[in-house]
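Colleague: From first to last, the protein sequence lines are chains Y and W. Just so you know, we're using our numbering here: the first sequence kicks off at 1 and counts up by one. Just so you know, we're using our numbering here: the second sequence kicks off at 254 and counts up by one.
The hints are simulated quantities; they were obtained by calculation from the structure and are not laboratory data. Ideal Cβ positions, reconstructed from N, Cα and C, are used throughout, including at glycine. One thing to keep in mind: the hints can contain errors.
[As the list claims (entries may be wrong)] With a straight-line Cα cutoff of 30 Å, these simulated DSSO-like cross-link-like pairs (lysine-lysine) come out:
(1) W/K295 with Y/K69
(2) W/K380 with Y/K86
(3) Y/K245 with Y/K86
[Stated by the list, open to error] Only some residues are given here: those of chain W computed to face chain Y with a beta carbon under 7 Å:
(4) A372
(5) I375
(6) Q433
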Amino acid sequence: MKVLQIKNIEKSYGSNNVLKDISLSVDMGEVVSIIGPSGSGKSTLLRCATLLTEMDSGELIYLDECAVKNDEKGKAVYADKAELKKVRGIFGLVFQNFNLFPHYSVMKNLVDPQMTVLGRSKEAAEKKAVELLDKMGLSEKADFYPCMLSGGQQQRVAIARALAMDPTILFFDEPTSALDPELTGEVLKVIKQLAEEKMTMVIVTHEMAFARAVSNRVIFMDGGVIVEQGEPEEVFGNPQAERTKQFLRNYQS
Amino acid sequence: MSLLTMITKMAEGLGNTCAIFFLTLLFSLPLGMVIAFLRMSKSKIISNFTRVIIAILRGTPLMLQLIAVTYGPYYLFGISISRNKLIPVVIAFAINYAAYFAEIYRSGIESMPVGQYEAAEILGYSKVQTFFRVILPQVAKRIMPSITNEVVTLVKDTSMAFTVSYQEMFTIGKQIANSQTSFVPFVVAGAFYFIFNAIVDYVMGKVEKSMDYYE
Numbered sequence: 001m002k003v004l005q006i007k008n009i010e011k012s013y014g015s016n017n018v019l020k021d022i023s024l025s026v027d028m029g030e031v032v033s034i035i036g037p038s039g040s041g042k043s044t045l046l047r048c049a050t051l052l053t054e055m056d057s058g059e060l061i062y063l064d065e066c067a068v069k070n071d072e073k074g075k076a077v078y079a080d081k082a083e084l085k086k087v088r089g090i091f092g093l094v095f096q097n098f099n100l101f102p103h104y105s106v107m108k109n110l111v112d113p114q115m116t117v118l119g120r121s122k123e124a125a126e127k128k129a130v131e132l133l134d135k136m137g138l139s140e141k142a143d144f145y146p147c148m149l150s151g152g153q154q155q156r157v158a159i160a161r162a163l164a165m166d167p168t169i170l171f172f173d174e175p176t177s178a179l180d181p182e183l184t185g186e187v188l189k190v191i192k193q194l195a196e197e198k199m200t201m202v203i204v205t206h207e208m209a210f211a212r213a214v215s216n217r218v219i220f221m222d223g224g225v226i227v228e229q230g231e232p233e234e235v236f237g238n239p240q241a242e243r244t245k246q247f248l249r250n251y252q253s
Numbered sequence: 254m255s256l257l258t259m260i261t262k263m264a265e266g267l268g269n270t271c272a273i274f275f276l277t278l279l280f281s282l283p284l285g286m287v288i289a290f291l292r293m294s295k296s297k298i299i300s301n302f303t304r305v306i307i308a309i310l311r312g313t314p315l316m317l318q319l320i321a322v323t324y325g326p327y328y329l330f331g332i333s334i335s336r337n338k339l340i341p342v343v344i345a346f347a348i349n350y351a352a353y354f355a356e357i358y359r360s361g362i363e364s365m366p367v368g369q370y371e372a373a374e375i376l377g378y379s380k381v382q383t384f385f386r387v388i389l390p391q392v393a394k395r396i397m398p399s400i401t402n403e404v405v406t407l408v409k410d411t412s413m414a415f416t417v418s419y420q421e422m423f424t425i426g427k428q429i430a431n432s433q434t435s436f437v438p439f440v441v442a443g444a445f446y447f448i449f450n451a452i453v454d455y456v457m458g459k460v461e462k463s464m465d466y467y468e
């Protein structure tokens, strides 16, 4: 079953075409990594898919909810507020710089969205939060405030916060780019664990070894287009496009 | 007139001074939020209109505004001036201070990182929920030092009510000073304001401290 279908997305800032006719679909349980140089459009693609940035044209479908479709002129039309709210409940997003709520404790960061948005009871929300913190290895940090945690711990809290909303698909926007190498590992380990549990994920990352190890499919983007995609062994082991080879070579050296 | 009599008489006016102070805060703090939102409105007409209003309120003396609100209705419409001058005084103070608070709120709201809005949006918070649960608590902490500044100024500004002969502490002090040809009432007034502000400082310090639990 397809969780996400992106069809022919176009996005430009002025005369700068950031996304050129990108199509992509993600199956339930699939882990897709998107790699590519800075400015290739990876993050913009993720922002369009998560409704943070408006696309110029294209279609966006989650499960059987249509969030965006084209009108006759090929211009993107967004669904109404109620429909978009439903769609937002299907996905979660983990940001590069965490974006935890600094005025809430770790526990409240996980509990408040569940109660405010999903209408869960305090007990149910706390139970869920405790389970997730335990899974993230952060049980003792429940009463801490984000500023008291390391970057790696903050990012794990952010992942837990996203999971607490029971998303069907989880996006990661360079989840380890703001972390020093020592802390990167603990976050990647958590994402890997989610992959093993068959969580549907789309991960924009610069961690090539990680992408290779964790994904079912790797997408290489450059200049606003998908240059190449396939199983990690194909893309990393035997890249076809010249641009992919060049990019990977730079990374390996 | 003995010093004690002076102090007692002036202290009687402190009730009115406090009335101006607390009523002004009561009305101007929320009104400032409304003005801040109008100022940040997406409609160019509303935001520019509000900007002009704020410019006038901040660009002309509060003393002038006090006189305008108190006596304006009489000169413009022939409406007789109510005997209770507290109402026009508080109106003038509240509107003037709301303009300053509005700009403080706006600076605080605009200083919030966009990531906080985006995180809330992704989690599914509505715009209103985002503002009250995520943005406002953080803005409150950021702007508290500026708010304290204004509150301290307000304590001293209450003395301007003497221009419309509202019987607050400073007005009474000035009357005594005139009738007794003495400078002492001004010293007493200075001491009163200083003590008042020491209390304000202490309270606001506590408030700021209560928000210190995170960075």
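Colleague: Hint by hint, say whether it matches the structure.
Modeller: To see whether the hints hold, each was checked on the structure:
With a C-alpha separation of about 26 Å, the suggested pairing of W/K295 with Y/K69 holds against the 30 Å cut-off. This hinted pair checks out: W/K380 and Y/K86 have alpha carbons roughly 15 Å apart, not beyond 30 Å. Only pairs whose Cα atoms come within 30 Å are accepted, and Y/K245 paired with Y/K86 is rejected, the gap being roughly 41 Å. With a least beta-carbon distance of about 4 Å to chain Y, the hint placing W/A372 at the interface is held under the 7 Å criterion.
At its closest, the beta carbon of W/I375 sits 5 Å from a beta carbon of chain Y; the interface hint therefore holds under the 7 Å criterion. Here the hint on W/Q433 is broken, as its CB sits about 54 Å from the closest CB of chain Y, past 7 Å.
The earlier numbered hints that this structure contradicts are 3 and 6.
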